[in-house]
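Take these sequences, add in the hints, and give me the full structure.
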Amino acid sequence: MRIALACLALHFCAAAAPAGAGEDPPPGTTLRFDLASALRVDRNFALAPAAPGTSTLFDTRLGFGLRSVTRQDRLILDLGGTLRLARLPGQGDEARIDDRTARLGYHHTGAGARMEVRVETGVADLRFLDPLEQARLSGSDLAGGTAGQRRITTARLGFASGIDAPLGLTAEAGARTRRYSGAGAGHYDSRSLRARLGLRLQLAEGAEARAWLSRIDYRAKDPAGSVERQGRLGVTLAQDLPGALRLELSLGAARQTQTTGRRSTAIGGAVLTREAGRGRLSAELRRDLGPNGPRQTLLLSRVIELPEGGLCFRLGASRLNGGATEGLARLDYRQALPTGRFRLRLSREIASPVPDGGLDVGEELITRADARYRYQISARDRIDLSALFARTDPALASGAGRQSWTTLSATFTRQMTPGWALAAGISHRRSTAAGIAGRDNLLFLRLSRSLTVRP
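Take 1 as the starting number for the sequence shown in the numbering used here and just add one per residue.
I should point out that these hints are in silico values taken from the structure, not numbers from a laboratory. It is possible that some hints are incorrect.
FRET-style restraints, in silico, Cβ to Cβ [stated by the list, open to error]:
id, residue 1, residue 2, range
1, I436, L35, 33 to 43 Å
2, P355, G186, 18 to 28 Å
3, L408, A266, 46 to 56 Å
4, H428, R343, 18 to 28 Å
5, L79, L422, 20 to 30 Å
6, I436, L157, 42 to 52 Å
Ideal Cβ positions, reconstructed from N, Cα and C, are used throughout, including at glycine.
Next comes the structure, spelled out in structure tokens:
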């Protein structure tokens with residue numbers, strides 16, 4: 001889970017993040033200490049239709065990270081918090097500690113077996129939450145200026161044995177909870193529990209059979225008191241074919257229990273994959289069971305490895321039984337240029353509240369765009385440009401309840417020393433809900449320091 005605050009302008013100043021934050025930690029034990037202070041001034045912080053006046057925020061982010069890596073074990077611990085001083089129109093001055101985050105991960109690999117444990121939690125003030133930085137976006141995230149706090153906690157335990165043997169077993173259990181305090185009626189608590197047990201059997205060279213059994217339990221404290229329980233079982237057969245092809249066929253059954261009744265249906269699908277030079281081409285047809293009933297989905301995917309980047313795109317369509325057909329798409333393009341780097345991400349997907357631990361509506365059609373370009377002026381100076389967009393449609397393209405959010409920003413960053421970085425920039429934000437738009441222009445200045453030591 002990733003909770004980011006707009007007041008820290010993290011998506012503006014991504015260049016100032018500690019090097020190697022998204023990479024595998026090196027062997028041994030390392031400690032990382034992060035300090036970042038950001039001053040932000042804007043005229044319409046809550047993106048109201050009429051700007052209420054100037055807001056000033058001064059945040060100091062403190063972070064601590066521990067990495068311990070051996071041949072068999074990997075331990076990761078991250079802690080963070082933000083000391084915020086804010087002056088908002090009509091609310092006076094306030095000081096608080098916000099954006100409290102904690103992440104613990106442990107991975108062990110033994111003789112033919114592995115185990116993984118992951119726990120993450122984060123508490124954030126809804127007023128300062130940047131929706132475009134949410135890994136799981138919902139319509140309620142785009143309604144800015146809402147009072148209250150939100151805590152999201154996720155936990156996962158996974159085990160696998162017989163990794164290199166003809167017979168293998170996998171087991172996984174996970175939970176995701178979302179709780180609000182002091183928020184309005186449009187925000188409600190929810191939780192999702194998942195468990196899965198799988199068995200893998202190597203039949204012959206290039207042939208494999210898998211059997212799986214899973215359980216999902218979702219509950220929400222919304223006005224309808226939503227409850228969703230699903231039990232699934234099935235088998236998958238995979239076979240390598242001539243011409244660098246691989247075919248996977250799945251067949252199973254699912255039973256769904258809701259407050260409105262119970263239904264059972266067949267699930268399954270087929271996936272054909274072909275390795276082609278520096279990339280991969282695949283076609284997938286599947287039938288699944290969602291909170292609104294059985295859904296059929298067709299997807300065509302292509303992955304291309306480029307000399308200085310990569311391209312991955314997916315096109316398809318999804319149809320709910322008795323409903324309309326929705327187009328789906330995803331594009332991820334990255335390219336290293338002589339003067340910098342460029343990345344573009346586009347997606348149009350259907351999100352379900354069941355695995356996400358709670359959307360504030362049922363299924364949503366979510367469209368997102370993320371374009372970023374970094375121009376390296378010199379070894380110490382750079383300019384970052386970004387354009388971020390998100391739109392949620394709770395009624396699946398009917399237009400009812402549609403909301404959108406757009407952010408355009410430019411940031412100049414100077415690496416003063418190997419550990420200290422100074423960034424300044426400007427951003428334009430726009431939010432639209434129920435046909436009413438709010439706009440905001442903001443300026444920010446950020447000074448950050450990252451230190452990594454080996455005890």
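Worksheet item: For the pair L79 and L422, does the Cβ-Cβ distance stay inside 20 to 30 Å?
Response: Given a distance of about 25 Å, which is inside 20 to 30 Å, the answer is holds.
Practice prompt. Using the Cβ atoms, figure out if L408 sits within 46 to 56 Å of A266.
Written response: holds (47 Å)
Worksheet item: Between P355 and G186, does the C-beta distance stay in 18 to 28 Å?
Response: At 21 Å between Cβs, range holds.
Worksheet item: Per the hint of 42 to 52 Å, is the separation of the Cβ atoms of I436 and L157 within bounds?
Response: With a Cβ separation near 45 Å, I436 and L157 satisfy 42 to 52 Å, so the hint holds.
Worksheet item: Is 33 to 43 Å right for how far apart the beta carbons of I436 and L35 are?
Response: holds (39 Å)
Worksheet item: Okay, H428 versus R343 on CB: inside 18 to 28 Å?
Response: With Cβ atoms ~20 Å apart, the hint holds.
When each numbered hint is compared with the structure, no violation occurs for any of them.
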